[in-house]
Every structure is written in C-alpha cells, then in structure tokens.
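From first to last, the protein sequence lines are chains A and B.
Take the first sequence: its position 186, counted from the start at 1, is 186 in the numbering used here, and no numbers get skipped.
Positions in the second sequence are counted from 1; adding 304 to them yields the numbering used here.
Source of the hints: derived by calculation from the structure; they are not laboratory data.
Worth double-checking, as some hints may not be accurate.
Unchecked claim - Okay, derived cross-link-like pairs now, DSS-like style, lysine-lysine, Cα gap no bigger than 25 Å in a straight line: (1) 274(A) <-> 331(B); (2) 331(B) <-> 386(B); (3) 331(B) <-> 277(A); (4) 386(B) <-> 277(A); (5) 216(A) <-> 46(A); (6) 46(A) <-> 195(A); (7) 195(A) <-> 277(A); (8) 195(A) <-> 30(A); (9) 39(A) <-> 195(A); (10) 216(A) <-> 195(A); (11) 386(B) <-> 274(A).
Claimed, not checked - Sample of chain B residues facing chain A (criterion: CB under 10 Å; computed from the structure): (12) 385; (13) 405; (14) 420; (15) 423.
All C-beta atoms, glycine included, are put in the ideal place defined by N, C-alpha and C.
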Amino acid sequence: MMAGFVLIMIAAFFVPGIILRTRSIASGRKGPGLFQPVKDIMVLLKKGSVFSTTTGLIFQIAPAISLATVLCAMMLLPFAEQKALLSFEGDFVMFAYLLALGKFFTIIAALDTGSSFEGMGASREALFSMLVEPAFFILLATFAMFTGYTSFSVIFNHFYITGNNYVMIYSIIGVYLFIQIAMVENSRVPVDDPKTHLELTMIHEVMILDYSGFDKALIHSGMYLKFALYGSLIYNLIVPAGWNIFLQTGLFLAVQSSFAIVIGVTESFRARNKMNKNPKFILTLSAIAYIAFTVILILTNKLA
Amino acid sequence: MVNYLIVLFAITLMYFSSADRLVTYVKLIALQGLLLCGIAIFELKEVNTANLLFIVAETLIFKTVVLPYLLNRIIRRSGVTKVHRLAMPGFYLLIFSIFGLLISVILANILINPFINTIYLAVALFTLVTGLLLIVTHRLIISQLIGFLIIENAVFMFSLAVGNEMPMLINVGILLDIFVGVLILGFFGLRLKPHTNELTMLKD
Chain A
1 MMAGFVLIMI
11 AAFFVPGIIL
21 RTRSIASGRK
31 GPGLFQPVKD
41 IMVLLKKGSV
51 FSTTTGLIFQ
61 IAPAISLATV
71 LCAMMLLPFA
81 EQKALLSFEG
91 DFVMFAYLLA
101 LGKFFTIIAA
111 LDTGSSFEGM
121 GASREALFSM
131 LVEPAFFILL
141 ATFAMFTGYT
151 SFSVIFNHFY
161 ITGNNYVMIY
171 SIIGVYLFIQ
181 IAMVENSRVP
191 VDDPKTHLEL
201 TMIHEVMILD
211 YSGFDKALIH
221 SGMYLKFALY
231 GSLIYNLIVP
241 AGWNIFLQTG
251 LFLAVQSSFA
261 IVIGVTESFR
271 ARNKMNKNPK
281 FILTLSAIAY
291 IAFTVILILT
301 NKLA
Chain B
305 MVNYLIVLFA
315 ITLMYFSSAD
325 RLVTYVKLIA
335 LQGLLLCGIA
345 IFELKEVNTA
355 NLLFIVAETL
365 IFKTVVLPYL
375 LNRIIRRSGV
385 TKVHRLAMPG
395 FYLLIFSIFG
405 LLISVILANI
415 LINPFINTIY
425 LAVALFTLVT
435 GLLLIVTHRL
445 IISQLIGFLI
455 IENAVFMFSL
465 AVGNEMPMLI
475 NVGILLDIFV
485 GVLILGFFGL
495 RLKPHTNELT
505 MLKD
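Using the sequences plus the hints, can you model the full thing?
Shown next, in the form of structure tokens:
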C-alpha cells in the first residue's frame with residue numbers, strides 16, 4: 001500500500017530537474033544537473049528562517065501546513081491494483097480540499113505580510129484556484145459516473161474493465177485536463193511563470209517572496225511533490241491497474257518523466273497568457289470537462 | 305469512432321467562445337468541416353454511394369477548403385485580425401456557452417425519439433446556440449458571418465442525425481452551404497473595395 005506514496009516521493013526528486021533540463025536544452029543551453037532543484041532544497045534546509053516583524057503566527061506555520069496537506073493528499077492516490085493508504089467513498093473531494101487547504105494557508109500567509117504586492121498575488125492565486133476547481137470536480141464526476149464508484153482506488157481499478165467502448169475519450173480528455181490543471185495549480189506557463197522577475201506580473205512567486213531558508217525549502221518541496229502528485233493521477237488514468245507490478249513501476253517513472261518533458265516543452269515554446277486572459281483560459285478547461293460529463297450522461301443513458 | 309468526432313466537434317465549439325482572433329475562427333471552421341466529413345462517412349451507412357461521395361466531397365472541398373480560403377482572404381484584405389473590442393469578453397461568452405450546452409442537452413432529452421440519436425441532437429442544438437451567441441454578442445460583420453457558418457454546420461449536423469432515414473435533408477444542408485458561399489463571395493469577396501474599412505463596420 002505504501003508503493004504509490006514512495007513512488008511519488010521518488011518521482012518528486014527528478015521531475016523538477018527534468019523540467020529545468022528540458023527548458024535549458026530547448027533554449028540551447030547545457031543547463032543544470034537533474035538533481036539541482038533537490039540540491040538547492042538541501043542547501044535551504046540547512047539555513048535558518050528570517051521572519052519579518054510585521055508577520056504573525058500564520059506566516060510561520062503556513063509552509064509546514066502546505067507541505068503536510070500535499071503529503072496527506074498523496075496518501076489518497078493508489079498505485080496499480082493496490083489500494084491507497086487512505087481510501088474511502090468520496091475521497092477525491094478530500095483530495096481536492098486538502099490541496100485547497102494548503103493553498104488557503106499560503107494565501108492568508110501572503111496577506112499576513114501586509115505587503116500590497118503579496119496581497120495582489122494572493123488575490124490572483126485565489127481567483128485562479130477557484131476557477132480551476134470546477135474543471136477538476138467535473139472531470140472526477142465524469143470518471144465516477146463512468147465507473148460507478150467514488151473512490152480513487154476503485155475508480156482507477158475499474159477504469160479499463162468497465163467494457164465501455166468509449167474509455168479512450170475519457171482517458172484522452174482526462175490526460176489533457178490533468179496536465180493543464182497541474183500547470184495552473186503549480187503556477188506554471190501559460191497562467192503563471194515561475195521565472196518572472198517583476199512583482200507586478202507574478203502570481204505564486206510574489207506570495208512566497210518573504211520566505212527564506214527552511215520555510216522556503218518546505219514550500220518548494222511541496223510544489224515538487226504536487227507535480228509528482230498530478231503525474232501520478234495521469235499515470236493512474238492511462239495505465240490499466242491489472243498489469244504486472246514491475247512493469248507498472250517502470251511505466252510510472254516513464255510517465256512522470258514524460259509529464260515533466262511535456263511541461264518543459266510547453267514552457268519553452270508557449271508564451272505566457274496576458275493576465276486578463278487567464279480566467280477565460282481556465283474556464284475553457286471546465287467547459288471541456290463539462291462536455292465530457294455531458295457525453296457520458298448521454299452515452300450511458302443516465303439522463304432520465 | 306463517430307462519438308470521438310462528435311466530442312471533438314463539441315470541443316471546437318467551446319473554443320469558438322474563447323478565441324478572439326479571426327484566424328482562429330477560420331481554422332476552427334475548417335476543422336469543423338473536416339470533422340463533419342468524418343462523421344458523415346461513419347454515420348451514413350444506408351445512403352447510396354454516389355450520394356455519400358457527393359456529401360464527402362462537398363464537406364471536404366467546400367467546408368474545409370473553399371469557405372476558410374474565402375474568409376482568410378477577406379480577413380487579409382480588410383486588415384481586421386481580432387474581434388471588436390466591444391464584443392462580449394470570452395469569459396462571459398464561455399459561461400453562456402456552458403448554459404447553452406445544458407439547455408441543449410435538456411431539450412434533446414425532451415425531444416428524444418427512436419429515429420434520432422440523442423447525442424447528435426444535443427450537439428446540433430449546442431452548435432445552433434453557439435452560432436446564435438456569436439452573432440448576438442459580437443460587433444463585427446465578419447464575426448456574425450462566422451456565427452452564421454456555425455449555424456449552418458448545426459443544420460448539417462442535424463441532417464446527419466436523420467440522414468439514414470431522410471437523405472433529402474442532407475441535400476438541403478448542402479444547398480445552404482452553397483448559398484453561404486455565394487453570399488460570402490457576393491457581398492464580401494467581390495464587391496468589397498480593399499482598405500475601405502467596410503468590414504470593420506459595426507452591425508448597427
């Protein structure tokens with residue numbers, strides 16, 4: 001049962017490195033090593049934290065809570081035929097709101113600093129998270145409707161054995177949407193750009209400007225784990241649960257690497273959206289999920 | 305296979321609501337023509353071969369090549385590349401579009417009948433709603449023309465839904481296609497003087 005949890009941890013070590021490496025190769029540079037982001041975290045972990053005098057308790061506990069929520073969400077994801085560490089009816093709702101709780105604390109910590117820049121970033125992050133939520137829920141509702149179950153473990157176990165001819169529609173739309181949702185949730189291009197240097201154009205980066213040392217390491221590791229988390233969701237969607245476990249382990253790492261490469265390539269060749277185009281972009285994701293939901297309603301004759 | 309194409313067709317409709325470059329509209333129109341051709345090939349099994357060949361050729365040549373070419377030419381000649389700034393923002397249009405899909409599904413479900421596939425009916429109604437929305441919310445004549453083309457695709461889609469029983473309806477759809485082509489040619493393609501901003505005029 002621990003396999004999924006451990007594999008996501010392992011993937012989190014190399015996914016950010018592959019993204020960086022892809023970006024550097026695409027732009028004609030040699031780029032840092034695969035484990036550079038992890039090494040940076042190790043350096044940060046050895047440092048102490050400096051807190052501004054205007055901040056309070058919330059600012060100090062937010063990074064720990066944010067990391068803890070991601071770790072808890074990891075426990076809800078299954079691997080192969082094994083059940084997740086925590087599995088119950090409707091656990092995908094818990095999954096979404098655990099991640100939302102982490103984000104909520106990051107947002108109020110940003111407001112806690114009293115900086116107008118951070119307040120602006122927090123407001124944008126809250127808006128985009130709110131808009132991406134329907135896409136995630138409608139997609140999961142589609143899978144629940146398709147398989148007839150409401151728990152991650154059972155949904156993914158039954159996804160390919162329902163005998164339904166249209167399973168490919170949902171896996172293709174699901175993979176596309178999960179990649180886009182991962183990009184929005186992790187504040188990457190086209191919605192946000194982690195490499196931007198101007199506070200006015202930042203979203204997530206401006207919220208964590210005041211963190212340093214140990215706390216910054218916690219925030220970064222949370223973000224890397226979140227990448228691997230979404231990679232794991234995509235993996236569960238495209239690989240049938242019944243396959244050989246060793247093959248699945250290899251495939252898991254392959255899918256995570258491909259996911260990282262896709263993100264790297266997208267970030268290299270795609271321009272960032274204008275800020276006022278972002279809500280429309282994110283709502284389009286919900287609309288596509290809604291089409292998938294409608295089609296499953298009609299195809300399975302569940303519309304009375 | 306038909307269902308894959310229909311889902312893709314519905315997704316292109318959502319992109320109509322969120323796009324704001326006229327070139328994107330033209331690409332989407334061409335893609336819709338291609339998808340309709342695919343749907344016609346897979347769906348019309350009981351129609352005689354000559355008729356089917358005619359339908360496929362019409363969708364491929366007319367919808368996918370000729371109409372987009374004419375539209376591209378018009379866009380180039382008029383120099384208008386984006387929708388008017390007074391058009392309804394894509395965000396609200398998308399919300400309306402989502403409601404449109406909901407209403408179409410409900411309507412399709414009310415009109416359910418053994419001769420018509422519900423999914424065709426739902427997507428055809430949704431196409432109709434999207435076309436109407438585009439016409440009502442956009443300010444430029446060219447956007448409205450594209451809205452009209454979408455409505456025309458809706459008619460074609462609906463005629464495919466009943467095509468096996470009533471092949472006549474498909475021919476009516478095709479006639480509408482040709483009518484639109486002549487309309488574009490006549491009003492916009494030939495009579496338009498370049499750089500006179502006639503296409504940038506508002507609808508009122």
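Item to check | Hints breached by this structure | outcome: 12 and 14
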